[in-house]
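Undergrad: Listed below are the residues making up each chain.
6 protein chains.
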Amino acid sequence: MRQDNLAPSPLVATVDFQADGIQHGFLRMPYSRDDSAWGSVLIPITVARNGDGPTALLTGGNHGDEYEGPIALFDLAQRLTLEEITGRVIILPAMNYPAFRAGTRTSPIDKGNLNRLFPGSPVGTPSQKIADYVTRYLLPMAHVVLDFHSGGKTLDFLPFAAAHALDDSRQEEECIAAVAAFGAPWSVKMREIDAVGMFDTTVEQLGKVFVTTELGGGGTATAQSAGIAKRGAANLLRHAGILSGAVEERPTRWLDMPSDDCFTFSEIDGMMEPLVDLGDAVRKGQPIGRAWPIDRTGVAPYEYTAKMDGILAARHFPGLVKAGDCIAVLGVTD
Amino acid sequence: MRQDNLAPSPLVATVDFQADGIQHGFLRMPYSRDDSAWGSVLIPITVARNGDGPTALLTGGNHGDEYEGPIALFDLAQRLTLEEITGRVIILPAMNYPAFRAGTRTSPIDKGNLNRLFPGSPVGTPSQKIADYVTRYLLPMAHVVLDFHSGGKTLDFLPFAAAHALDDSRQEEECIAAVAAFGAPWSVKMREIDAVGMFDTTVEQLGKVFVTTELGGGGTATAQSAGIAKRGAANLLRHAGILSGAVEERPTRWLDMPSDDCFTFSEIDGMMEPLVDLGDAVRKGQPIGRAWPIDRTGVAPYEYTAKMDGILAARHFPGLVKAGDCIAVLGVTD
Amino acid sequence: MRQDNLAPSPLVATVDFQADGIQHGFLRMPYSRDDSAWGSVLIPITVARNGDGPTALLTGGNHGDEYEGPIALFDLAQRLTLEEITGRVIILPAMNYPAFRAGTRTSPIDKGNLNRLFPGSPVGTPSQKIADYVTRYLLPMAHVVLDFHSGGKTLDFLPFAAAHALDDSRQEEECIAAVAAFGAPWSVKMREIDAVGMFDTTVEQLGKVFVTTELGGGGTATAQSAGIAKRGAANLLRHAGILSGAVEERPTRWLDMPSDDCFTFSEIDGMMEPLVDLGDAVRKGQPIGRAWPIDRTGVAPYEYTAKMDGILAARHFPGLVKAGDCIAVLGVTD
Amino acid sequence: MRQDNLAPSPLVATVDFQADGIQHGFLRMPYSRDDSAWGSVLIPITVARNGDGPTALLTGGNHGDEYEGPIALFDLAQRLTLEEITGRVIILPAMNYPAFRAGTRTSPIDKGNLNRLFPGSPVGTPSQKIADYVTRYLLPMAHVVLDFHSGGKTLDFLPFAAAHALDDSRQEEECIAAVAAFGAPWSVKMREIDAVGMFDTTVEQLGKVFVTTELGGGGTATAQSAGIAKRGAANLLRHAGILSGAVEERPTRWLDMPSDDCFTFSEIDGMMEPLVDLGDAVRKGQPIGRAWPIDRTGVAPYEYTAKMDGILAARHFPGLVKAGDCIAVLGVTD
Amino acid sequence: MRQDNLAPSPLVATVDFQADGIQHGFLRMPYSRDDSAWGSVLIPITVARNGDGPTALLTGGNHGDEYEGPIALFDLAQRLTLEEITGRVIILPAMNYPAFRAGTRTSPIDKGNLNRLFPGSPVGTPSQKIADYVTRYLLPMAHVVLDFHSGGKTLDFLPFAAAHALDDSRQEEECIAAVAAFGAPWSVKMREIDAVGMFDTTVEQLGKVFVTTELGGGGTATAQSAGIAKRGAANLLRHAGILSGAVEERPTRWLDMPSDDCFTFSEIDGMMEPLVDLGDAVRKGQPIGRAWPIDRTGVAPYEYTAKMDGILAARHFPGLVKAGDCIAVLGVTD
Amino acid sequence: MRQDNLAPSPLVATVDFQADGIQHGFLRMPYSRDDSAWGSVLIPITVARNGDGPTALLTGGNHGDEYEGPIALFDLAQRLTLEEITGRVIILPAMNYPAFRAGTRTSPIDKGNLNRLFPGSPVGTPSQKIADYVTRYLLPMAHVVLDFHSGGKTLDFLPFAAAHALDDSRQEEECIAAVAAFGAPWSVKMREIDAVGMFDTTVEQLGKVFVTTELGGGGTATAQSAGIAKRGAANLLRHAGILSGAVEERPTRWLDMPSDDCFTFSEIDGMMEPLVDLGDAVRKGQPIGRAWPIDRTGVAPYEYTAKMDGILAARHFPGLVKAGDCIAVLGVTD
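Protein chains in written order, with UniProt numbering: chain A, 1 to 334; chain B, 1 to 334; chain C, 1 to 334; chain D, 1 to 334; chain E, 1 to 334; chain F, 1 to 334.
One thing to keep in mind: the hints can contain errors.
Because identical chains share one entry, a pair is satisfied inside a single copy or across any pair of copies.
Derived pair list, reagent style DSSO-like, types lysine-lysine, alpha-carbon separation capped at 27 Å [claimed, not checked]:
(1) Lys208 x Lys307
(2) Lys322 x Lys111
(3) Lys322 x Lys230
(4) Lys284 x Lys230
(5) Lys111 x Lys284
In case anyone wonders, no lab produced these hints; they're calculated from the structure.
With the sequences and hints as input, model every part of the structure.
TA: Okay, here's the thing in structure tokens:
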């Protein structure tokens, strides 16, 4: 998949991935800029290793405004004890750290959407350098990979874990089993149409067991959604045989997004009035939302109707909407 | 309360408040600026009048990132028919229109927090001019005033309507009755400590029946919260004898915020992990949230505990928190 | 008009207004800021004095994006010789120098619209300090005052000089005579409705002979419009007996703007399509411009029609228009 | 010219280019960003088709601050009827829509100057994606292409239509004939020196009949210049046999810009004083403009003189000038 | 000096100024804003009290880009033990905390220059509220006040402590004695010309013993300059009888700035070339610096010469200079 | 090293490099942008040639906030006379002119760090175009190249000149000899670890004699550091046989930075307290600096200790520090 003649990564880890024990450190990425000529970015990382065994790579903050993953992973990194694990856990709770620190989806440094920049490059933008380091240095160590997502500041999702439809059916089965072990209220088997540049694609092409999630949104977390993330991470480590104890089983419903009819886009700038909420069942033709022009009163709103039967699985979050924004996503249950 | 020798307002209404019928127009506020020397701001307004009778003033967008009120009021302005009313309804769905249009709490023009600038001034900033026009031209026409609020982008509330404790017990009773008619899931009788500059204070000092609300937050609305706002506005108009039909009664629970112990503030910058959600009951000493330092892993979070028994009535919304942010408000039920 | 107990101005002139000769210097205004703790603003000024006689104060750059005045005055300051004058000329070609330097109507320092801040204050914002210095130090020396305006980046005008209708009919007559001497293609006798804060008002209340202008617009100048300004300034100085030689007479047409019907405002955001140009005669009801919604094709534009017979005297300049912008001003000829 | 193995464009048209009738829709370009994770840009487009026949592609808003083209094309899109056409008209009135909406030459999203990014790329910046879609999806359908330009906010031009000197003399002849049919007051046969990345080059290399224009400038339009654009577009469609009726003939003067001596650049920052206006004839050595230092009075301006005999065909528009800005372009008539 | 009927301060201290012991806490200032509706600013404060005795108020960060004071005071706050003091020390190491946190002279919140806003106001901007709290709540407790300054990012000073010439000669003597005890390499007796709004003035008018400093500059500190600040603070506390032990005496040279001739201002924008360094002796007429125009080579620089004999006591720090910046200050030794 | 099929540079020199005499002119780089459609950047350049002989290329402003080089080179360009030279001197005092004019390390146009963009590209960003022009048009003319650096706004250095360890020992010797001739107080033989994109590497790969410097820092210059730069430039020209006269010899100390232990990075955001100053000798284990958390008092600082014996050769300059910033560099003397 990658050229072998790439330059070494400029990122340097202050932790030793081969050493037993629990280490909290950084990936240090040099970053020369107007306010620090010899500056760098310190990306927090935890490595916990207890002898031989499988390795799990747990990542949050791929997008910087999604919080269930970082909460679960900062918590796990601080609570994890050597006694309860076999093998290795690598925790990167805020993968695109500059974005996470700014509370924005993309990096304020280079506007990079990290999840469209894999496998990255050692000589590109800071976001590309992070992608490259993860791809060439961390992924080869991992057997199972969990990447946390939520809706961020502009979308809201029913909480689900997901695997992709894969060419390798055995790999796909393992991923599906991992999603089931995660135990989110909803589970999705996804068909990505535009998978170019996604972390998911890079991980799966390397043959790893991969789980991704969408656990809420709005740029916040709740006690409930954070709890799903914490339990899911622990369940996955147990499922992989790294964390001791049995998977804490939870009921899940499988959800599918079969066609373009699932997606509705706004055609005007205005104010969004939702007519159904997440999890509500809707019938084809039913109004699901309205966009109000805000520059005058007395004008009828644009009304958007469901193009299929389904359940509201995701929605535009901010009160204002721009033409072109995705305002609703419908899913269907098995 | 006000000097009588104030200059006339520079705002001009394109509607005639004395005319029968339904008019959709603007308050035009001159606003000379770099990108329009002879520019102005057009604030949408609707006036519906059907003969003599009481006048209701309904306002939204006092803070520009709160959406239940504007949704209910754009909707009401567009649906209202003359046949169903007696008297007059003045609808100002986006009172601080520049803030509303920008989707921000305060005005991008002058950073004005409109709800701290009443009674305003005809020669001040644009926000002060709006406050002044509402105070001197609209309020004198009104008998009952409903001002919609929600938590905005940075707070989230249990949905409630509220009245203030007032010196005039008859006025207070009428306000409490209006809150009950509104019919939100929760109702609050508030004691404002710092009421200087609030619209509420100006309205109440003029002897009007006044209802305010907090109907959700996060800078969004849901079908559910928008429904509470719509029903509440209609109920209040019915209660006031302006809209025909009976009040649609709904159960409400009364909530009190009796002391400073209700409020918890963060003492660090970091990431918020909520441990309880809105509506959850908590006991004194129970952990309600944690703030994680985000610059490294392996460090224990700051934990915040309840200073009293109560119900979580409001919370900090964004995933990141700054030292000094209010992270939780507890209320007690009767 | 002013309190006598104001603090001294913090501005200091590097020129001596009482000395004979031609001096080029500055008004130095201290301005402490993040990028210069002990910084100041240097406002260019020229004083030319040749013995006793009347004093003219010539100002440009009251708004920072209007160029006919500054061109005429930088040119005059550089060409003027002592031999050709009697008395004194004070030239302030870029009165709101921070705005002029930025090419913006208002000051980038404090967003001050200088022509709404007179008579100013010695302890206010930098814009207020400039107004105060001009009011308390320069105006008392002047007998005749010429303040140059044009439309700036957002308006375009037929080129005219103007005087105001004044209570003191003798003063008004002198001003009208000065306007006629200026010799612009158009001349206007104005009735300001909102004169609060204008330089004009401050000057006229001090009993001075005052001429103002609008000589074009768009944030540019042409050889033609700059020529009108240069000739007008010289003519006024000759008319005042300060510059030797006879007034260079030019035909002028008198224009009036008698009512609110002269002004048309846009009610939508969009793209402006003018249907008549400056100087064109229009009839009541004739379409004069259209505003196109730009977010989709196939939608009819908003059409604006003349509310009276007249001549197009001013128009909105930028291709895009915002709701509330003044898009056309009609005038009537005698 | 292009690799055949490019990825499909991410842009999707909501109109069917093969269907008869008039459709108003959008090119929807996905654009994920901090304020809309699943956002997109909707570029307005109109397709009018009446059976078989030639296809014209009419584009405006290649640069976002040029208005004659968008006015003519929004107007045409709204007025065109099926009855009056044979074949197909594709109207893209605001090609670089993000720039057009912002009123800026380049895109506020990626600072892209669209007219230097052709033939574009499906995996580049948003501006590159637009260029790619036009190149690979719209141009192959077209026989004749008209791309509207004006001077934008910083330049002003004599109104002209233009064709390029081309290697294929038959193609060149057809382009010249199309320019003549357009019927602008001035016509130009251009020799581009730096044609890399221009839309013009891409169109011409595909063998199409191509007309470009410069119809004014300053970031505005007049009734007169908009009229030239409207008439020119209709004339070209008639000339191509798509629109019924005869070409409305207008006199035009042919203008040439034969050498580098046509161009004058400022060597200082300062204020521009034009000494000649558009259309004025100048002699070699004649002063055509002056740049005044603005930080002090009494200093002589930099004077710029004509390097050849000619007519002032274009000029720097803003009142302020920076070192390196082109301040004047001379042309010669046949 | 102040009205007694001011509203109570909105600031609340989390420390008890009357309690014995060492407390580290905050002044909490409510600050509602777009990114935190119920936010506040937490200004760090330390109070150390050991029984009865005098009170010292030590402040740093009056300007936010000056570091000797904050270093000395964070250090003192962390090291101070109860055993070594008698009475009370109040330490406010970053008085204008928003400015200090941003590393800017003025507050990023309101652009307030704190040292021109005393005595402040409880209902003004955040900077004014801080000034008011210090004036009305902290100053009345203090007997001796030390306010640290340095040159900040744009000025550099010889390190000195200073007292003002005061009407009350006994107070002046006490201040001079305190300056001597501080023990900086240089000492200055200052005559402020424009003392309006300064903290110094407010403190002195309350009759306190007051010491101010300028201990370096450039927006940095050195081991040497930080050492001067640490030793000076300890010396002053010893001198006041609060800290045990004897004053650590150091030689100091007294410096005077007797007239306007001490100050030199740049008259052009350009690049500064210093010809003498801090502490160098200069003679009247000697070149002390040059400002180079940077837009072209081959042009002679503006040369600035000393207007008097003296020692270079302060200088403009950044490499670039703007017209109006103070570039050099000369002092004379006794 | 470079492809021969690169497009010609868009930069044009207004000077003739082959002509005898002293010429002051520009490199004109076309730069189309929103505020000047046909704008360009004028980079000042001086060429002095007196017959045949070697050519020196002297560059400053590679980083825009470093001043010793520009001061020495603007001065040299203005003072140099033909009589005193043999051969040619090309002086580019502000190579990344947009950055220099803004006073920032990187270009405000494209955020380009010029010293990481060599050999550049004729079709890239403006910074890349500058690099390309210097590489392909200026370097081939040069025999000796001097590129001035200092620490800029965020670093401070002991003043040194430096050469790199090179594969070609003869070239290395010549560079070392040139460094010695420069005569800075300190001299360094550097081993760059990450030399990709540096001007140094491009120059050296072309076989030129190359000297670089670090002559101070903080975004300022002193009379002393500017003097080192002026004398060094003259010495190098004398050493190369271009400037008449003998090298003015000065003692220098050779400094080495042998390992990663030389560098210390901050691990927290906070305020820097230096414990040693530039030039101070330190022992392994000795505290050299402390970083104070600034959000509260009473917390111990992070202390950084020397990892080796050495001399403090460079340090972080601003008072505030971010995690990841380099705070100290130690060197060892021979």
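Undergrad: Which numbered hints turn out to be false for this structure?
TA: 1 and 5
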